[in-house]
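Participant: The residues making up each chain are set out below.
Number of protein chains: 2
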Amino acid sequence: MGRRNNQSPDELVQRLLRGDRRAVARVITMVEDQAENTDYIMKMIFHHTGRSVIIGLTGSGGSGKSTLVDHLIGRFRAMDKTVGVVAVDPSSPFSGGALLGDRIRFQSHSLDDGVYIRSMGSRGYLGGLARATADVVRVMEAMGNEVVIIETLGAGHDEVDIIHVAQTCLLVLTPGMGDDIQAMKAGIMEIADIIVLNKADLDGANLCLRSLEATVHYGLDDKARWIPRVIPTVACASKSTGIKGVDELVNAIMEHQKYLFETRKIDEVMAKRIEQELGLVFKDEVEKVVFAGLKGTGKKRKYIESIRAGHTDPYSVVEEVLAMFLKTDKME
Amino acid sequence: MGRRNNQSPDELVQRLLRGDRRAVARVITMVEDQAENTDYIMKMIFHHTGRSVIIGLTGSGGSGKSTLVDHLIGRFRAMDKTVGVVAVDPSSPFSGGALLGDRIRFQSHSLDDGVYIRSMGSRGYLGGLARATADVVRVMEAMGNEVVIIETLGAGHDEVDIIHVAQTCLLVLTPGMGDDIQAMKAGIMEIADIIVLNKADLDGANLCLRSLEATVHYGLDDKARWIPRVIPTVACASKSTGIKGVDELVNAIMEHQKYLFETRKIDEVMAKRIEQELGLVFKDEVEKVVFAGLKGTGKKRKYIESIRAGHTDPYSVVEEVLAMFLKTDKME
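So the protein sequences, as listed, match chains A and B.
Residues in the first sequence are numbered consecutively from 1, following my numbering.
Residues in the second sequence are numbered consecutively from 1, following my numbering.
Calculated directly from the structure, the hints in this document are not laboratory data.
Being a predicted model, the structure only gives us computed values, none of them experimental.
Accuracy of the hints is not assured; some may be wrong.
Since the list gives no way to pick out one identical chain from another, each pair is judged satisfied if it fits inside one copy or across any two copies.
To be verified - Listed next, the in silico DSS-like pairs over lysine-lysine satisfying Cα-Cα at most 25 Å (straight line):
#1 300 - 272
#2 258 - 244
#3 258 - 272
#4 302 - 265
#5 299 - 265
#6 81 - 265
#7 288 - 327
#8 299 - 272
#9 265 - 300
#10 81 - 258
#11 81 - 244
#12 302 - 327
#13 272 - 302
#14 43 - 272
#15 288 - 299
#16 299 - 327
#17 288 - 300
#18 300 - 43
#19 300 - 327
#20 43 - 302
#21 43 - 299
Turn these sequences into a full structure, and let the hints steer you where they fit.
Facilitator: Pasting the structure below:
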């Protein structure tokens with residue numbers, strides 16, 4: 001282990017590109033910690049990415065996302081595709097790293113070399129979670145995964161940022177969320193390519209399905225537009241029998257991918273991903289530079305004291321500090 | 001309405017400080033949109049804030065947070081204290097504004113002039129949600145609320161940022177979340193001043209209570225430290241009878257406030273709040289300046305094209321752009 005820690009970034013990149021799982025784990029940890037050389041490594045691997053199918057899967061807690069992901073992994077493995085999974089799990093925002101982690105989730109694939117799973121908690125990243133996740137997706141592509149699945153709870157800014165990195169977006173719902181569905185209607189069109197109604201064996205599923213179908217068809221004036229598919233599934237962790245709809249879901253994903261490539265919308269999607277990543281890296285780096293500067297000088301403490309004493313306020317302080325950091329003649 | 005929209009920021013501030021609800025609503029909307037003059041108004045009202053009791057309440061969906069807040073409002077009103085509530089509701093990240101909003105939540109206090117409630121969704125803010133929420137808390141203080149309650153789902157970075165603005169932090173749990181509690185143990189000490197075990201009439205509540213009690217007492221070496229109180233409550237929206245534990249909860253809040261002032265820890269808490277706000281405003285403003293610059297010049301589009309064409313990568317672009325914006329001789 002000691003030797004490994006001392007190896008050069010270039011060696012690490014070479015091993016990562018060959019799919020060496022330890023190198024991958026090491027780089028992901030570097031990404032999470034924003035360790036030295038991380039940017040160098042990310043630059044090196046960047047050109048080995050951008051060819052994977054990236055699936056985003058979002059839905060509230062208890063909707064059965066993890067179980068669905070488990071089934072999706074199984075289906076993609078049956079097609080002999082390698083799969084990477086980034087499970088963003090903000091269930092505990094109170095401590096660093098992922099808590100339930102890889103040990104509990106996705107047990108059935110833990111011995112499969114064609115599957116690489118990483119859980120990410122919502123805290124403990126020097127940079128933002130969204131930026132770290134976007135970078136980890138790139139790492140998973142660079143190590144050779146043909147499919148990368150991003151799973152998130154879908155609540156909060158970070159997670160919405162993350163999901164925009166995906167090409168095909170799945171929104172997982174369950175019956176009996178009447179109000180929520182009403183509330184989401186406005187936004188469903190905007191983000192979901194496929195709506196999964198999981199636990200479709202529950203009461204009210206049919207009504208819910210009809211309502212969703214009506215929603216996705218509503219207001220379509222553009223014939224070339226993708227109409228979000230609504231797929232009922234039964235994928236429950238406690239019922240090993242009676243899995244339903246997963247094949248249909250995989251078909252819908254394939255169909256959407258085909259649509260993206262045939263209509264060349266994939267170009268837009270890829271451009272948007274880069275724009276999103278650019279924004280995330282940007283935000284992170286600006287914060288790092290500016291905050292590091294403030295920290296070093298002990299000025300921050302003085303500002304806080306001065307605000308508490310009533311001599312100034314946070315808004316004026318920020319103006320003052322920005323004037324110190326930002327060039328006034330920027331971007332001519 | 002037309003006349004109101006044209007009034008000067010100073011008039012608006014004067015009306016806000018007198019508790020005029022329309023002026024408050026107007027300023028909150030300005031904060032959400034980061035409208036012109038918002039900073040000016042925030043500076044003006046800042047010195048009229050910092051004297052309210054600020055309570056943060058966090059917990060997962062379905063734990064009964066809103067019902068608890070409803071009861072807390074009732075108790076504080078019975079003490080003749082005015083109450084402001086900021087309910088951060090990221091249940092739908094997919095569209096702007098709060099969806100279920102004030103109409104459904106907290107109905108019982110909708111006609112009380114001593115209560116001001118504002119829901120905030122997780123999207124549609126030009127600045128970040130956390131920054132907007134911190135500013136709205138200041139607005140609620142400036143309008144004269146003696147107590148301000150911040151309610152959040154507690155999942156995600158933004159919300160953890162928000163909760164750090166509070167002086168007394170309540171974590172709402174329910175029985176039967178065994179794994180979650182285990183998972184949270186590490187972090188409970190860090191953030192919660194009071195742990196509310198709601199739905200304490202459910203199976204497993206006693207076991208859960210004992211486990212929580214053991215957790216909060218674990219590893220206490222510092223005698224001057226606040227030992228988080230664990231309060232069982234039954235506060236269910238569907239049961240109008242049988243409310244339990246809310247008085248104890250209010251007592252625990254009062255006790256914690258007393259502790260803060262007696263030990264002078266309130267100074268630390270207030271300093272931390274300012275530090276937190278400084279960070280949030282900072283982050284927001286930096287992004288605004290830098291992104292506005294990029295947008296205007298159309299350079300962003302060129303960068304994206306260049307990355308897609310394989311000529312560069314997001315990390316190198318960010319370096320390049322930062323070099324344009326940031327002074328190299330910063331902070332000597």
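Participant: Does each hint fit the structure? Answer for all of them.
Facilitator: Taking the hints in turn, this is what the structure says about them:
{"no.": "1", "hint": "300 - 272", "result": "between (36 Å within a copy, 12 Å between copies)"}
{"no.": "2", "hint": "258 - 244", "result": "within (23 Å within a copy, 57 Å between copies)"}
{"no.": "3", "hint": "258 - 272", "result": "within (18 Å within a copy, 52 Å between copies)"}
{"no.": "4", "hint": "302 - 265", "result": "between (52 Å within a copy, 19 Å between copies)"}
{"no.": "5", "hint": "299 - 265", "result": "between (49 Å within a copy, 22 Å between copies)"}
{"no.": "6", "hint": "81 - 265", "result": "within (23 Å within a copy, 57 Å between copies)"}
{"no.": "7", "hint": "288 - 327", "result": "both (17 Å within a copy, 14 Å between copies)"}
{"no.": "8", "hint": "299 - 272", "result": "between (38 Å within a copy, 15 Å between copies)"}
{"no.": "9", "hint": "265 - 300", "result": "between (47 Å within a copy, 20 Å between copies)"}
{"no.": "10", "hint": "81 - 258", "result": "within (17 Å within a copy, 61 Å between copies)"}
{"no.": "11", "hint": "81 - 244", "result": "within (22 Å within a copy, 55 Å between copies)"}
{"no.": "12", "hint": "302 - 327", "result": "both (24 Å within a copy, 22 Å between copies)"}
{"no.": "13", "hint": "272 - 302", "result": "between (41 Å within a copy, 13 Å between copies)"}
{"no.": "14", "hint": "43 - 272", "result": "within (19 Å within a copy, 37 Å between copies)"}
{"no.": "15", "hint": "288 - 299", "result": "both (16 Å within a copy, 23 Å between copies)"}
{"no.": "16", "hint": "299 - 327", "result": "both (20 Å within a copy, 18 Å between copies)"}
{"no.": "17", "hint": "288 - 300", "result": "both (14 Å within a copy, 21 Å between copies)"}
{"no.": "18", "hint": "300 - 43", "result": "between (33 Å within a copy, 19 Å between copies)"}
{"no.": "19", "hint": "300 - 327", "result": "both (21 Å within a copy, 19 Å between copies)"}
{"no.": "20", "hint": "43 - 302", "result": "between (38 Å within a copy, 19 Å between copies)"}
{"no.": "21", "hint": "43 - 299", "result": "between (34 Å within a copy, 20 Å between copies)"}
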